[in-house]
Amino acid sequence: MGFFIQNTSIVNDGTIVPAPLDRDEKSIITHGLIDPVQDIDRRPLTFVNSRKTMFLYEADEKKLRQILPEPLKLEDDLVEFTYMNHITSNTGPYLEAMIAIAASCEGTKGAFYTNLYVPESAALCAGREFNGTPKKSAHISMLEHGQAEGIRYKEGGNPGRRFFSFMIERNGYIIHSATGEYTSHQMSDLPRLPLYQGNPDWCRLSYRVMTEPDFQSTKVEVISTGSAKNMFAVKPDTIDVAVGKDIHTWALLATPGDALGRYLAPKEQKLVGVVSNTFNMYYPPSQNCIWTKTIHRTPEEVEALYNTSDPYTYTLRHSFPSPAGA
Amino acid sequence: MYQAHIASSTFDCTEGSIPIMPLSRNAKSMVTLPAYDPLWDIDALPLTYSASKRYSFLLEAEKEAIEKCLPSCCVLNSTVVELWYAVHNKSKLGPHTEMGITVSASCEGVHFGYTPFSYVTQDAAMDYFRLQGFPHKKAYIRTLEHGSVYQNQKLNGMDDYFSFLITRNGYLLHTATGKFSDSLLDLDSLDYGISRAQANLKISTNCDLSNTVWQLVYRPQIKDGEDYCLYRDTIRTSKAEDINWLFNATPFDSMAHYLPFKKLIGMVSYCYDAKLPLAKTIWMKKVARTKDDIEKYCMYGIPYENGMRSQYPVCYGI
Chain H
4 MGFFIQNTSI VNDGTIVPAP LDRDEKSIIT HGLIDPVQDI DRRPLTFVNS
54 RKTMFLYEAD EKKLRQILPE PLKLEDDLVE FTYMNHITSN TGPYLEAMIA
104 IAASCEGTKG AFYTNLYVPE SAALCAGREF NGTPKKSAHI SMLEHGQAEG
154 IRYKEGGNPG RRFFSFMIER NGYIIHSATG EYTSHQMSDL PRLPLYQGNP
204 DWCRLSYRVM TEPDFQSTKV EVISTGSAKN MFAVKPDTID VAVGKDIHTW
254 ALLATPGDAL GRYLAPKEQK LVGVVSNTFN MYYPPSQNCI WTKTIHRTPE
304 EVEALYNTSD PYTYTLRHSF PSPAGA
Chain A
36 MYQAHIASST FDCTEGSIPI MPLSRNAKSM VTLPAYDPLW DIDALPLTYS
86 ASKRYSFLLE AEKEAIEKCL PSCCVLNSTV VELWYAVHNK SKLGPHTEMG
136 ITVSASCEGV HFGYTPFSYV TQDAAMDYFR LQGFPHKKAY IRTLEHGSVY
186 QNQKLNGMDD YFSFLITRNG YLLHTATGKF SDSLLDLDSL DYGISRAQAN
236 LKISTNCDLS NTVWQLVYRP QIKDGEDYCL YRDTIRTSKA EDINWLFNAT
286 PFDSMAHYLP FKKLIGMVSY CYDAKLPLAK TIWMKKVART KDDIEKYCMY
336 GIPYENGMRS QYPVCYGI
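Those protein sequence lines, which keep their order, are chains H and A. For what it's worth, my numbering labels the leading residue of the first sequence as 4, then goes sequentially. For what it's worth, my numbering labels the leading residue of the second sequence as 36, then goes sequentially.
Since the hints were derived computationally from the structure, they do not count as laboratory data. Errors might be hidden in some of the hints.
[Said to hold, decoys possible] For lysine-lysine, the following DSS-like pairs were computed, each having C-alpha atoms within a straight-line distance of at most 27 Å:
id, chain 1, residue 1, chain 2, residue 2
1, H, 222, A, 274
2, H, 29, A, 326
3, A, 298, A, 125
4, A, 214, A, 297
5, A, 63, H, 296
6, A, 125, H, 29
7, H, 66, H, 222
8, H, 29, A, 63
9, A, 103, H, 296
10, H, 222, A, 98
11, H, 222, A, 103
12, A, 88, A, 274
13, A, 125, H, 296
14, H, 112, A, 326
15, A, 63, H, 222
16, H, 66, H, 112
17, H, 76, H, 270
18, A, 315, H, 29
19, H, 222, A, 320
20, A, 321, H, 29
21, A, 310, H, 29
22, A, 88, H, 65
23, H, 76, A, 331
24, H, 273, H, 76
25, A, 331, A, 98
26, H, 66, H, 273
27, H, 222, H, 76
28, A, 214, A, 298
29, A, 298, H, 66
30, A, 98, A, 297
31, H, 238, H, 248
32, H, 296, A, 321
33, H, 112, H, 270
34, A, 315, H, 296
35, H, 65, H, 76
Just chain H, with the same shape it has in the complex:
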């Protein structure tokens, strides 16, 4: 006879939000109805002591325009390739990698996020389903270590952040890796910064694509989030800078599942540099849709779309190491 154990009680220090089915329906914002992947206890979303590392480089404008969907217009050829370590947030701890370029939509200027990677599902669903941030799941690693003064780490001391190593891996391929050494604390040492950096007139832009379950229509929206200046509180004494020559290795790879290496490669194999800082952030609870379009499909078009590929035929993109999950 096997054992049959069930623990049905949920430990609760008083901070757990009641389940959606026990609340007013106006408070239900996503599925599942009984146990959602993310809920109203993460709104407004705030971050404390998050660490951000922003690689900057120029890219081919023609390629950047290729990946900008209608009606977005390119405003600059500088690419921001950022890693973030959210140590404490009300959606839990997680790492994040994102790529942004300066763009505009019918007069609204912002940092447009072309790709985002997160390791876990709450941040992934919140981004994709609410804000249109194009998140995928990946293994992300962020490392900073080594004392600037060459002093050995002592108990209670700061392990230091002189050298860095960053990496993204997904479906068996390395997408990006960079290593190097910080050599300054002055952002002014960098020849260029993103147009939106510290500029209160710029916001965040994302492109939400939501298809109906029956594929009969797809709604496309450009979503803007308030000025980045009102969102971030950077801690000035945490700023570390490396200019291009101090980035020792940089690899950005196109893979069958992720095309950013193909379209977002640095121009002339040069990097502007990297800036890291620690910050607190308040993410606005709601965003504005500033442009929308609905793509309708006839039954014949749905049939054709749903039968695009050969049934039971598995190709290059359908084969990768089976993830164990996280």
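Take the given structure of chain H and dock chain A to it, following the hints.
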């Protein structure tokens, strides 16, 4: 010191099996984001599985507990519940493993399996099925069958022992271990009203939180022999007394809290191929919010204060 840079365009999509990017195609073929580099694309359609393996634990639960898991538009058909694991090694969404609980329900005379809880190991499958209303979360899921004697490069007999587990955010949600006894369960219990038709409640909210749409998304029964092929010689069963079972409610996942089981009936496993049909919405409603409503109902969090659900071991991804 030097600066090294490698940029690869190896996977040129102008030929071969990878579709060109959606922004270079007819706009009607764009289905998800990112717009130029989607998480899954038209090469996943139609969604098919080959030689997938499903492990169905059949259990009984209190009628009131199951009913609480259903949306108001659905009625319960049976107190038998299926807790399942599925291993998809060949799928148009890539290899992944799933776990979930499905109950038998109906809406306006249409019968289906309704899945109030489900988990998956991979992002493309999570996004695709969330689009269809499944409440997928990402979790660590393992399925194991072993116990055969491996001799002279040949398997002697079958894998008689099994172990399943699912963990998320540092908690074990469920584990079951045991032995296949192949003492036939009442196979009628396999068909306890959870047909292969599925319906799930999709809840989607617009970016300013002013509107939420509830849709009951129904996917019709897969046609036997045409779009569904059960490998009958792979059916194996296990009796309740041969199964060890641990089911745990956690601060992040409330399956065991809302749906505790009265009795374990047994387990059946089998392999199958499937081609999933298109889904459609069979019931919907809209919930509108004023600015005051958004403040009152959707802002439970306190800025810069994090409760116990904000703390768990950092996840390093797949």
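Hint by hint, here is what the structure shows:
{"no.": "1", "hint": "H:222 - A:274", "result": "violated, 49 Å"}
{"no.": "2", "hint": "H:29 - A:326", "result": "holds, 12 Å"}
{"no.": "3", "hint": "A:298 - A:125", "result": "violated, 33 Å"}
{"no.": "4", "hint": "A:214 - A:297", "result": "holds, 21 Å"}
{"no.": "5", "hint": "A:63 - H:296", "result": "holds, 12 Å"}
{"no.": "6", "hint": "A:125 - H:29", "result": "violated, 40 Å"}
{"no.": "7", "hint": "H:66 - H:222", "result": "holds, 25 Å"}
{"no.": "8", "hint": "H:29 - A:63", "result": "violated, 33 Å"}
{"no.": "9", "hint": "A:103 - H:296", "result": "violated, 38 Å"}
{"no.": "10", "hint": "H:222 - A:98", "result": "violated, 39 Å"}
{"no.": "11", "hint": "H:222 - A:103", "result": "violated, 32 Å"}
{"no.": "12", "hint": "A:88 - A:274", "result": "holds, 19 Å"}
{"no.": "13", "hint": "A:125 - H:296", "result": "violated, 35 Å"}
{"no.": "14", "hint": "H:112 - A:326", "result": "holds, 26 Å"}
{"no.": "15", "hint": "A:63 - H:222", "result": "holds, 11 Å"}
{"no.": "16", "hint": "H:66 - H:112", "result": "holds, 20 Å"}
{"no.": "17", "hint": "H:76 - H:270", "result": "holds, 20 Å"}
{"no.": "18", "hint": "A:315 - H:29", "result": "holds, 25 Å"}
{"no.": "19", "hint": "H:222 - A:320", "result": "holds, 18 Å"}
{"no.": "20", "hint": "A:321 - H:29", "result": "holds, 10 Å"}
{"no.": "21", "hint": "A:310 - H:29", "result": "violated, 37 Å"}
{"no.": "22", "hint": "A:88 - H:65", "result": "violated, 47 Å"}
{"no.": "23", "hint": "H:76 - A:331", "result": "violated, 37 Å"}
{"no.": "24", "hint": "H:273 - H:76", "result": "holds, 24 Å"}
{"no.": "25", "hint": "A:331 - A:98", "result": "violated, 33 Å"}
{"no.": "26", "hint": "H:66 - H:273", "result": "holds, 16 Å"}
{"no.": "27", "hint": "H:222 - H:76", "result": "holds, 20 Å"}
{"no.": "28", "hint": "A:214 - A:298", "result": "holds, 18 Å"}
{"no.": "29", "hint": "A:298 - H:66", "result": "violated, 60 Å"}
{"no.": "30", "hint": "A:98 - A:297", "result": "holds, 10 Å"}
{"no.": "31", "hint": "H:238 - H:248", "result": "holds, 25 Å"}
{"no.": "32", "hint": "H:296 - A:321", "result": "holds, 20 Å"}
{"no.": "33", "hint": "H:112 - H:270", "result": "holds, 24 Å"}
{"no.": "34", "hint": "A:315 - H:296", "result": "holds, 22 Å"}
{"no.": "35", "hint": "H:65 - H:76", "result": "holds, 12 Å"}
The structure fails to meet hints 1, 3, 6, 8, 9, 10, 11, 13, 21, 22, 23, 25, 29 from the earlier list, while all remaining hints are met.
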